[in-house]
Amino acid sequence: EAAAPARPPAPRRRAVLVWGATLTAALILGGGATAGALALLDRHDDDPGTSESDEGKGGDRATPAQDRTREATTDPAEPVVPDGYGIVADTAGFALALPDDWERQGEENHQVTYARSPGDTRVLEVGVTADAPATSYENAKALEKTASADRRNYQQVQLSANTFQGRPGARWEYTYEDGNGQPVHAIDQRYIAEDGTEYAIHVTERDVDWAGAREVFDTALSTWMLNDVD
Numbered sequence: 769e770a771a772a773p774a775r776p777p778a779p780r781r782r783a784v785l786v787w788g789a790t791l792t793a794a795l796i797l798g799g800g801a802t803a804g805a806l807a808l809l810d811r812h813d814d815d816p817g818t819s820e821s822d823e824g825k826g827g828d829r830a831t832p833a834q835d836r837t838r839e840a841t842t843d844p845a846e847p848v849v850p851d852g853y854g855i856v857a858d859t860a861g862f863a864l865a866l867p868d869d870w871e872r873q874g875e876e877n878h879q880v881t882y883a884r885s886p887g888d889t890r891v892l893e894v895g896v897t898a899d900a901p902a903t904s905y906e907n908a909k910a911l912e913k914t915a916s917a918d919r920r921n922y923q924q925v926q927l928s929a930n931t932f933q934g935r936p937g938a939r940w941e942y943t944y945e946d947g948n949g950q951p952v953h954a955i956d957q958r959y960i961a962e963d964g965t966e967y968a969i970h971v972t973e974r975d976v977d978w979a980g981a982r983e984v985f986d987t988a989l990s991t992w993m994l995n996d997v998d
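The numbers in the sequence shown follow my numbering, run straight up by one, and end at 998.
It is worth saying that the hints were derived from the structure and are not from the lab.
It is possible that some hints are incorrect.
What the hints assert, rightly or not - Just the calculated beta-carbon pair ranges, DEER-fashion: (1) E846 with G949: 19 to 29 Å; (2) Q924 with V976: 31 to 41 Å; (3) A917 with D888: 35 to 45 Å; (4) Q924 with D977: 14 to 24 Å; (5) D888 with P850: 15 to 25 Å; (6) E846 with S916: 19 to 29 Å; (7) A917 with D851: 33 to 43 Å; (8) V976 with P901: 19 to 29 Å; (9) S928 with E983: 36 to 46 Å.
Glycine included, each C-beta is placed from N, C-alpha and C at the ideal position.
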């Protein structure tokens, strides 16, 4: 489990993202109507070439690369940023380190997506649920119930309650096969912040290329901060 960085100033309550309204309500819709809660599970079922239209999604809330905050870490209280990574401050109220050549692809179904390019198989998504109606572990269990029914050859790697940055959370890791029969690996760390907002940090990639994706995930967790960027 990643070491917790210094706590930044408490963020203002935000209504920018309400990830799936509530996970419970989203799951009641079932199947393909599960809006933001399961959008992250569908990304690898599509041909990468069909995702190019996602590039502009997110409208005015998308943060252009040249405007994002990337700065060297010299203060010992700041998180350690590996070579080839930079801190990205997102307008949704969080900051984390991502590879230098990654861009904000936009917001869709109430989640922010980062990747090297539209349609890339290695993707990091952050979902935000204001006033989370259940614990992160309960939310992950509910999502797994739908994923295990909808994803071909779904296999759980781990699903357990944990603590992230001193707050109650859950870790969910799993594999499944996409529409082309290729194994996909995914991992999700979620937790509920002091103001009751749940943040879910989710990474997916083809299983054959998982080592690099796991590095992105671990770096995101070790550098994760809440901020107050508008």
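We went through each hint and held it up to the structure:
1. E846 with G949: 19 to 29 Å: 44 Å, violated
2. Q924 with V976: 31 to 41 Å: This hint is violated: roughly 20 Å between Cβ atoms.
3. A917 with D888: 35 to 45 Å: For D888 against A917, whose Cβ atoms are near 27 Å apart, the range 35 to 45 Å is violated.
4. Q924 with D977: 14 to 24 Å: 21 Å, holds
5. D888 with P850: 15 to 25 Å: Between D888 and P850, where Cβ atoms are some 20 Å apart, the hint holds.
6. E846 with S916: 19 to 29 Å: 40 Å, violated
7. A917 with D851: 33 to 43 Å: Since the Cβ atoms of A917 and D851 sit about 42 Å apart, the hinted range of 33 to 43 Å holds.
8. V976 with P901: 19 to 29 Å: Violated, since V976 and P901 (Cβ atoms, about 37 Å apart) do not stay within the stated range.
9. S928 with E983: 36 to 46 Å: 22 Å, violated
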